[in-house]
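**Student:** Using the sequences and the accompanying hints, generate a full structural model.
So the chains spell out like this:
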Amino acid sequence: MAMSSGVLGQYDTLHGTLDAITRLREAGHRDIEVFSPIPSPEIEEAMDIHSSPVRVWALTGAITGCTLGVLLTAGTSLAYPLVTQGKPLVSLPPFVVFMFELTVLLTGIFGLVALLVHTKRPVINLDPAYRTSFSVDRWGIFVPVNGEGHAAAEALVRETAAVDVEVQG
Amino acid sequence: MATAEAKVPATPTLAEANRDITRPISMPEKRFYLVLGVAAAGLALMFGAWFYQIGAGIGVAGITHPVFWGVYITTFVFWVGIAHSGTLISAILYLFRSGWRTTINRTAEAMTIFAVMTAGLFPLIHLGRVWYFYYLMPYPSQRQIWPDFRSPLVMDVFAVSTYLTISALFWYTGLIPDFAILRDRAKGWMYKIYGAFSLGWQGTVSEWRHYRRIYLYMAGIATPLVLSVHSVVSWDFALSIVPGWHSTIFAPYFVAGAIFSGVALVITIMIPLRWAFGLEAYITENHFENMAKLVLLTSLIVGFSYGTEFFLAYYSADPIEIESFRWRAMGAYALPFWVMVFCNVVVPQALWFKKVRTSLPALFALTIFVNIGMWYERFVIIVTSLAHEYEPGGWGLYTPSWVEMSILVGSFCWFFFWFLLFSRSLPVISIAEVKEHLAHEHAHGDGGDAGDGHE
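One line per chain: the protein sequences are A and B, in this order. Just so you know, the first sequence maps onto residues 1 to 169 in the working numbering. Just so you know, the second sequence maps onto residues 1 to 455 in the working numbering.
Hint data in this document are derived by calculation from the structure and do not stem from the laboratory. Take these hints with a grain of salt, some might be off.
As the list claims (entries may be wrong) - List time: in silico DSS-like cross-link candidates among lysine-lysine, alpha-carbon distance up to 27 angstroms:
| # | chain 1 | residue 1 | chain 2 | residue 2 |
| --- | --- | --- | --- | --- |
| 1 | B | Lys-354 | B | Lys-293 |
| 2 | B | Lys-30 | A | Lys-120 |
| 3 | B | Lys-187 | B | Lys-30 |
| 4 | B | Lys-355 | B | Lys-293 |
| 5 | B | Lys-192 | A | Lys-120 |
**Tutor:** Written out as structure tokens, the structure reads:
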């Protein structure tokens, strides 16, 4: 989501970022965007995020892969009945290997696709609020503001542990 | 074993971690191009020998009746085994929350991918007429006949290609945040390249939220995959009735051997890499000691398996099986057999001593022995069994030709060629994971100032 109008606060500690998230959300700013140089479950907790739909994608990939494995092995054996190795046409023990491999393969592929879909990636232009310091050692919180209210939002961000505050738009 | 935490020194800040780990990427050196040139020369040797074989026919290789699987299949199994270290370290240790994997997983994953790429060449080379490879592909190639899905060779195609795909996806997923770091410090066309691979990553909470989950799921699916791949490779042998191959212990025996050789090669590579790139603050002696413990553990499993194979042959009371194993240890290939035992069972016993586990020169030398021994293990299993089957009239010896040996040497150059390019274009340590670790180190070290990125 590209955001152009609002207030951006930069923080040099995770602790300060978490504190700022809590205060901003308590003040009614629940649509803030947070940038972090590291994965942080603490930020997700502070923003009341508890799960990700990618697990549904992974499960869908697993089921699809296993089904494809059955169709490829048992299906093709039945479509062209030819006894080999003196084994039944549908020989489950060797076929399980293919079902397993395709289950794993499609789980992984669906998972990566899910990551792209839910993060809306790839994008060419970075968010105007993004700063390169967010990939180094700083956390960022962008508070979107529509119309009036920049001053109030800026004052609120300055009350937190922000080391740098910018007003955009 | 090997579960103790190896702490990254608390001194680097998050910014220092960015700087230190990305430094080799912008550090052109003559010695790098010299080593790359040697690898490229080896590559030329390999492809020259391969093209000669394609032109002249498979007869220029030493494989002939009764030994139709020789250096090519030996080297295929060797490289598939090497490939096990990366996903083991990345996925299994991630699931077990072993913090010491953080600074070595990226390199180990890269090794996995390049090792599978190397392994994948050998079935093609072994075919002789490489263009017939399409018979193994899962589609109705001739008269609407599909491949025989009861054949372990077709299982192998699926297992190895799935392993390559999942390892590459897992590796790339882990690299996305690091691509963003590289993008942010790059200029010009490098900015565009790293920017494209970063997919526009900005480290938003939404991105991290989905990323963490999918990384966990990938680790979850990659874990059984690691165990399955070399099991499937072992069934190429175990599902036949060749004496010395038809054994139920082959799957765990091969998996242990794969981890043994894979971790050994990680140590062999990480020691000079750490020195060349000045990464002593991130890859510590503790990391090497933990890996050495894994090598010792898997060496014991491999040694036990060697003994079990002989015991099973004796206990079966099958004269063919007994003769096969007697000949393995005392026949024409006794030297490779005892080299294997010495390198894989005797030499690693030195790792019981902490002084050896924490001495990098000793570890470097020891792990080279392990990898020589593990190549010989595959050679011994494959060649001695085929050379001395059921009928004395069908016995025969095998000597590799110069074409096979050139391709064997070239395979190492092929592997190192890709690895060298990787080491100069991507971070050899996962920056995002190290920074996550450092942030928590600082949080605890600074008395609760959670995740202070600055000193």
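**Student:** Take the hints in turn and mark each one as holding or not.
**Tutor:** Okay, the hints, checked on the actual structure:
With a C-alpha separation of about 10 angstroms, the suggested pair B:Lys-354 and B:Lys-293 falls inside the 27 angstroms cut-off, and the hint holds. Note on B:Lys-30 and A:Lys-120: the hinted pairing is violated, with a Cα-Cα distance of about 42 angstroms set against a maximum of 27 angstroms. Taking the CA atoms of B:Lys-187 and B:Lys-30, the gap is about 23 angstroms. The hint holds against a cut of 27 angstroms. At most 27 angstroms may separate the alpha-carbon atoms for a hinted pair to count; B:Lys-355 and B:Lys-293 meet this at roughly 12 angstroms.
Simply put, B:Lys-192 and A:Lys-120 have alpha-carbon atoms about 19 angstroms apart, close enough for the 27 angstroms limit, and the pair holds.
Checked against the numbered hints listed earlier, the structure breaks hint 2 alone; every other hint is satisfied.
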